[in-house]
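We have chain A; now place chains B and C onto it with these hints.
Quick mapping for you: the protein sequence lines, in order, are chains A, B and C.
Using the numbering used here, you'd call the opening residue of the first sequence number 1 and step up by one each time.
Using the numbering used here, you'd call the opening residue of the second sequence number 1 and step up by one each time.
Using the numbering used here, you'd call the opening residue of the third sequence number 1 and step up by one each time.
Calculated directly from the structure, the hints in this document are not laboratory data.
Here are the simulated distance ranges between beta carbons:
1) B:Leu232 x C:Ser430: 56 to 64 angstroms
2) C:Gly226 x A:Met298: 45 to 53 angstroms
3) C:Met110 x A:Met298: 29 to 37 angstroms
Not the full set, but computed from the structure, chain A residues with beta-carbon under 8 angstroms of chain B:
4) Ala198
5) Asp201
6) Asp204
7) Ser209
What the simulated footprint calls covered on chain B by chain A, stretch by stretch (three residues with Cβ under 8 angstroms from a Cβ of chain A suffice, anywhere in the stretch; the number is not a length):
8) 69-76
9) 85-91
10) 96-105
Note that beta-carbon positions come from the ideal geometry of N, C-alpha and C, so glycine has one too.
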Amino acid sequence: MTDILNALVILANFIFVPAMAYGSQLALGALGITMVYSILRFSNFAHGELMSFGAMTTILLTWALQSSGYSLGIFPTALLAIPVSILVTVILAVAIDKSVYQYYRKIRAEPVTLLIVSIGVMFLISGLIRFIIGPKDQVFTDGQRFIMKARAFKKMTGLNEGLAIKMTQGITVVTAFVLVALVFWFLNKTRTGKSMRAYSDNEDLALLSGINPERVVLITWVITAALAAVAGTLYGLDKSYKPFTYLSLLLPIFSAAIVGGVGNPLGAIAGGFVIAFSELTITFAYKKVLTYLLPESMAPDTLMQLLSTDYKIALSFVILVIVLIFKPTGLFSGKTI
Amino acid sequence: MSFLLGANMTGGYGGADILHDCTIGVEKGEIAVVVGPNGAGKSTAMKAIFGMLNIRQGQVTIDGEDITSLKPEERVLKGMGFVPQTNNVFTSMSVEENLEMGAFIRRDDITSTMEQVYDLFPILKEKRKQPAGELSGGQRQQVAVGRALMTQPKVLMLDEPTAGVSPIVMDELFDRIIEVARTGIAILMVEQNAKQALNIADKGYVLVQGENRYTDTGAALIANPEVRRAFLGG
Amino acid sequence: MMDRLMTNRTSILFAVMTALIIFVGFVQSWNVAFTIINLCLISAIMTLGVNIQWGYAGLVNFGLMGFAALGGFAGVLISMPPVPGAWEAGGMGILIGLLVGLGFIIAAVMVWHKTAHLGRLQHWALAAVLVIGFFSFRHIVDPAVAAIESFESAKTGYLGGFGLPIMLSWVIGGVLAAGVAWLIGKISLGLRSDYLAIATLGISEIIIYALKNEEWLSRGVKNVTGLPRPVPYEIDLQETPWLIELTNTWGLSLVDTSSIIVKLCYAVLFTAVLVGIYHLSEIALKSPWGRMMRAIRDNEVSAEAMGKDVKAKHLQVFIIGSAIVGAAGAMLTTLDGQFTPASYQPLRYTFLIWVMVIAGGSGNNAGSVIGGFLIWFFWIEAEPLGLWIIEMLTAGLADDNALKMHLIESAAHTRFMMMGLVLILVLRFSPKGLIPEVKR
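Bound-form chain A, shown alone (with noise of 0.2 angstroms):
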């Protein structure tokens, strides 16, 4: 019994705690990708930067706060600075789309085009985010490390396997259920939520009915921004701060959205978590675990790993790769949001 116990405890240990964090993290980039997406009608490969810039501005205001001698005590004071982050995130996303992507909006260009020009866009805030913090790797996490330590977690239960469950893991899990519980709420009950899902799944009848796209676009950068700065943020307090990472995460980030069916809100939080758990749980070396639940003679003399963990976010594609053939609609056949 306490066998199983203990297989259990490094599965909560090593796959379900991380995977949730991740996934929460993956979910809600994944939301802002569809946002953009169902709304504004392209692929935004800027997003990426969007959230490296609203986890810079984190940082930056972190950094001052620290300075002059705030804190929250056990909690990261980079809580502090989210609001004041998303803010600056929410400006420079709504002075890009009035800069550049209106434009195209104005004389209806392809998706395609759209696509393209959210690379430059890309450059333009990756150099941005550059020039201002450098290619260097920051550490902004204060306040206490974990929730649960390891070390405590076996004094409690006597078990020997410990259960670790850190500060920023928790933060991450917590706000995103906060932030994708808020987003759903707005879509679905204000007045203002649902003109964008009208404009989202019929633009003309949206525009005979009087919805004015203009704001509908406006809103959803807002949204989109601020959920890009939060998303950020919490990955790089979970993670440490590289300004490169945030374009490969892209990728994840993507496949999430595609997995869940582009366009399709409820399906991008579940898209971040299949592909979180799918990653986690094939690149996890199961010796341990089964040499709990195994008779002896049978204990497994090698890693017992799917795949290297250095293949970890390939996965992601994989996963995305096999979805587009089989299924391109994702799992959660949407269009709208």
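Positioned in the frame of chain A, the structure of chains B and C alone reads:
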């Protein structure tokens, strides 16, 4: 002068003119029906009246006020409602949300209007939480008409409301449209099912190649042997 | 008339480009100038590949990095000597493993076709074959991989190559890229354009991950250095009597001159390839094939209605374009003399090439080439240029001013912003690029 009048309209989609000096009008509480062969410019005439294309000559007036230069959204504010032929509901949204979106430009309380729509189309009340995309063709058309009624329009324009529905559903839809007209709303519609539509029409317009060919009461047009032979299949 | 105007514009742009290079030659050094020229040439070849896909056919390929890396890997595979010890340790195991893997894939395909009547069970049968296949494959390959990677791991630790002349890899790199492009195209060409973009970007990342991690094959992040060259080495040149004499009479630096000669040799080879591919591309563009491609691009639906097999044609251009990018990747590795999988970044190897094509003029080969030259030039010279601008702007500040120091340190990153601006501005104000497509 009619309550809603598109007078001497000439124009098209930028290329050659489709409408030539075409005049269509409707009074409050009346049903006016536009019929004619394919490509006669029936839908184009509707779009011209609703401001979805620019006309080179002629004008559109509502209650005597010239609205020729207004955009469609602005015409909605002047009391016009329009039901497109296709893609006329928000398929992913519930029936109730469709009605809410219909009333988007209104800032006042819409519950009583919604009740009126539900009274008119009881089936919608039953299905109000269901996505409109899951409804049958006839029910969808009811949603579409209901959506347009949510702004409490003085004129309701329908572009082939019975396209693709069964004859029984068509009869029911026409009954509903008569009911709407009785509330004092002017109804202007384009129809393929010319005979049935003219049956309920107070006024009928037969268009051919963008011009008025016959204009009379619905009953008179049905009685006219030439119209019968050329346009109503004998 | 239009044609004349176009030709004039092309000549002017090439003249500007030449002037820029000469300027660098005098102001910085001829060594730098030739380094830039060589990379300009390779970039231009890559842009020709992209232009065939995007300009001719409207396909968005964001997997350039993967194809370039495959070409680079071909450089290793062709030119490096085999490592007999590693082959002895695990070569057999790898070969058997690959055969077994192939066998299971064939079995999977057969099972899929034979069990179609089973309905749901069909998926399970397929999954069972694949899972058993995967574990059998790993069971055979894993020990072999471990044996190879531990064989003199500091020096080799991989199987090595074939020990053939490296220029052969320019062809083989293209072939390798073409093969992978065929596979990717089969999977993803039916998708909408933005799905294709994302899928290709994802697959190119997978290729890089594989090259980084399969050490037995590519030495992974341990890199392969010292690839043999198709041109003389500087050290040898410096001992050649005629060169020593020449530099003495003209008062030149022997080291610099030898290095310039080496670069010149590369430049000649690259130019030959560029000119060859350019002419073939032009012939293709003007041929009925090229006309049909453009017809498909401009109106896919009507082309399909006219009985053109759009998907097959798209697969063709996808393979051809990717092969060209692969060849350019092999040339790049040849020039570098080393293969470093970790250096492949999508910004540099995929998106920068796209900036070149868009800025130069999609659909126009001369435009793509000039785009490749100009954008590469500014990508390299952005740093000194940015530094110069920043020094001008901050001239009023003291040298130890924190802001000034930070800005000067960040000057290198202006290149990203510059590329972003170029792309955005070109798309906005001159969406057809510097040399627009010629309407035929």
